[in-house]
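Let the sequences and hints guide you as you build the complete structure.
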Amino acid sequence: AQSVTQLDSHVSVSEGTPVLLRCNYSSSVPPYLFWYVQYPNQGLQLLLKYTSAATLVKGINGFEAEFKKSETSFHLTKPSAHMSDAAEYFCAVSDLSGTYKYIFGTGTRLKVLA
Amino acid sequence: DTGVSQDPRHKITKRGQNVTFRCDPISEHNRLYWYRQTLGQGPEFLTYFQNEAQLEKSRLLSDRFSAERPKGSFSTLEIQRTEQGDSAMYLCASSKQGNTEAFFGQGTRLTVV
Numbered sequence: 282a283q284s285v286t287q288l289d290s291h292v293s294v295s296e297g298t299p300v301l302l303r304c305n306y307s308s309s310v311p312p313y314l315f316w317y318v319q320y321p322n323q324g325l326q327l328l329l330k331y332t333s334a335a336t337l338v339k340g341i342n343g344f345e346a347e348f349k350k351s352e353t354s355f356h357l358t359k360p361s362a363h364m365s366d367a368a369e370y371f372c373a374v375s376d377l378s379g380t381y382k383y384i385f386g387t388g389t390r391l392k393v394l395a
Numbered sequence: 332d333t334g335v336s337q338d339p340r341h342k343i344t345k346r347g348q349n350v351t352f353r354c355d356p357i358s359e360h361n362r363l364y365w366y367r368q369t370l371g372q373g374p375e376f377l378t379y380f381q382n383e384a385q386l387e388k389s390r391l392l393s394d395r396f397s398a399e400r401p402k403g404s405f406s407t408l409e410i411q412r413t414e415q416g417d418s419a420m421y422l423c424a425s426s427k428q429g430n431t432e433a434f435f436g437q438g439t440r441l442t443v444v
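Protein chains in written order, with the numbering used here: chain A, 282 to 395; chain B, 332 to 444.
Worth flagging that the hints you see were computed from the coordinates, not collected in a lab. On a predicted model such as this, the values are computed, not experimentally measured, just so you know. Some clues are possibly wrong.
Below, a list of computed lysine-lysine pairs in the DSBU-like style, where the Cα atoms sit at most 35 Å apart [said to hold, decoys possible]:
#1 A:LYS349 <-> B:LYS402
#2 A:LYS349 <-> A:LYS330
#3 A:LYS392 <-> B:LYS427
Pasting the structure below:
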């Protein structure tokens with residue numbers, strides 16, 4: 282069965298410093314992987330996706346993620362945090378059985394300090 | 332493209348009452364999903380429609396839950412005899428056939444008192 286693990290439930294960074302949000306996946310086949318962001322009382326917005334093309338994926342708002350098969354990881358990074366990045370971030374893997382439903386991690390709450 | 336629309340955004344109901352939520356997907360999307368998100372957790376899959384056919388239901392979807400997509404367009408999720416444990420954010424998502432990317436609505440936050 283496919284699954285994702287988000288290793289940190291909370292991450293705090295200072296504005297202008299790098300962001301690293303960690304995600305490890307479990308899948309018996311090459312997965313489709315996603316990062317979504319959720320602001321309070323809002324739905325989820327897609328940041329970026331990996332679908333077996335380039336291993337380094339660039340997304341919106343300056344975020345990028347690198348797919349590392351040997352480490353079964355898909356960590357999300359940003360060179361310089363902005364106050365507006367404060368939100369909950371979810372890593373997800375897509376079920377390849379035909380429905381393409383998502384299996385989400387438990388989320389990482391990013392706090393950006395002034 | 333007006334995005335995925337959910338109604339209502341918030342619902343407070345008394346335990347034992349029935350509630351119904353509506354989701355309008357992006358117009359050309361034939362796949363529709365419902366997820367439930369409880370506080371501090373990631374969304375969990377509830378059910379999936381391809382056009383009007385409900386093709387998969389999670390074991391989370393007890394007998395009190397029913398979902399429909401009668402004409403392959405909008406969908407409704409009904410919860411009968413609500414319980415306090417049903418309090419959660421209910422998220423709807425849609426995607427186009429052959430596309431793995433799903434677009435989410437703003438969600439309906441249900442509070443059962």
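Now for the hints, and whether the structure bears them out:
1. A:LYS349 <-> B:LYS402: Status violated; Cα separation ~42 Å.
2. A:LYS349 <-> A:LYS330: 14 Å, holds
3. A:LYS392 <-> B:LYS427: Within the cut-off at roughly 34 Å; holds.
In summary, the structure is inconsistent with hint 1 from the numbered list given earlier, while agreeing with all the others.
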